[in-house]
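Participant: Here's the letter readout for the chains.
Protein chains: 2
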Amino acid sequence: MSTKNKWLNRIKWDEHGLVPVIAQEVGSNDVLMFAWMNRDALARTAELGQAVYWSRSRKKLWHKGEESGHFQQVHEIRIDCDDDVVLLKVEQVGGLACHTGRHSCFFNKFLDGGEPDWIEVDPVLKAPEHIYKK
Amino acid sequence: MSTKNKWLNRIKWDEHGLVPVIAQEVGSNDVLMFAWMNRDALARTAELGQAVYWSRSRKKLWHKGEESGHFQQVHEIRIDCDDDVVLLKVEQVGGLACHTGRHSCFFNKFLDGGEPDWIEVDPVLKAPEHIYKK
Chain A
1 MSTKNKWLNR
11 IKWDEHGLVP
21 VIAQEVGSND
31 VLMFAWMNRD
41 ALARTAELGQ
51 AVYWSRSRKK
61 LWHKGEESGH
71 FQQVHEIRID
81 CDDDVVLLKV
91 EQVGGLACHT
101 GRHSCFFNKF
111 LDGGEPDWIE
121 VDPVLKAPEH
131 IYKK
Chain B
1 MSTKNKWLNR
11 IKWDEHGLVP
21 VIAQEVGSND
31 VLMFAWMNRD
41 ALARTAELGQ
51 AVYWSRSRKK
61 LWHKGEESGH
71 FQQVHEIRID
81 CDDDVVLLKV
91 EQVGGLACHT
101 GRHSCFFNKF
111 LDGGEPDWIE
121 VDPVLKAPEH
131 IYKK
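Going line by line, the protein sequences match chains A and B.
No gaps in the numbering here: position 73 of the first sequence is 73 in my numbering, and each next residue is one more.
No gaps in the numbering here: position 111 of the second sequence is 111 in my numbering, and each next residue is one more.
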């Protein structure tokens, strides 16, 4: 195997051949979303300079933005101290990472009241029917 | 079951009863670390106001900071649009989240040169032997 792939061999892929990935926005440092990559997805991400994930539901490579145009331009790729989590620093085209039309997927906040619950605290910036063309 | 636990039932726990957790620093928005929680860990985190994870290697609850004093004071708990990832916004006591003595666990950056590789780009702020008392 070429030494070109040494960096991919460093990753501790899980029992499904996947690694968890956190996408963080360059500048704001907002956490935009969480997804998974397999070896091909990470190699393709580095090659393309845009985030390519592994869709566990569709069981195929998922070039984020392929349907919405909301690509993620990758500025940095990092791994953690255990070599088993990837952090992408990205520029989010369109400003929307979430399929619900929100900036970030993490819009549900825990509210610890009499009846603890999750509350939607971030606005929908664009209706999904205007993001995904039929 | 009491309605007090409705918020815990909202989480889509994986086949091992776990959910991925991203810890992000309040203020800087730096991503500090990634870990896992089971139902007890998340309930305990909310109750205590400090991060309690599930250690997959030790197979027990892990109150982050119990050995180092570097607790994580929880300011916000969020979940994503699929209810299967938790984001904690924390104040990192001691400023060190990583067991290597670094601020963040994500100190290895991908460098795409002639031979692509991971480079340590963030400094060790405190030697681990001074963090973990024998």
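Since the hints were made in silico from the structure, they are not lab data.
Among the hints, erroneous ones may be present.
Since the list gives no way to pick one copy over another, a pair counts as held whenever it fits inside one copy or between any two copies.
To be verified - Within a straight-line C-alpha distance of at most 25 Å, the following computed DSS-like cross-link-like pairs (lysine-lysine) qualify:
{"id": "1", "residue 1": "4", "residue 2": "126"}
{"id": "2", "residue 1": "12", "residue 2": "60"}
{"id": "3", "residue 1": "12", "residue 2": "59"}
{"id": "4", "residue 1": "126", "residue 2": "109"}
Participant: If a hint holds in the structure, say so; if it doesn't, say that too.
Facilitator: Okay, the hints, checked on the actual structure:
In this assembly of identical chains, residue 4 and residue 126 lie within 25 Å of each other by CA distance neither inside one copy nor across copies; the values are 41 Å within and 34 Å between. Taking the shortest Cα distances, residue 12 and residue 60 sit within 25 Å of each other both inside one copy (20 Å) and across copies (22 Å). For the homomeric pair residue 12 and residue 59, the shortest alpha-carbon distances inside one copy (20 Å) and between copies (19 Å) are both at most 25 Å. In this homomeric assembly, residue 126 and residue 109 come within 25 Å of each other (Cα to Cα) only inside a single copy, at 20 Å, whereas the closest approach across copies is 33 Å.
This entry does not satisfy hint 1, going by the numbered hints stated previously; all others are met.
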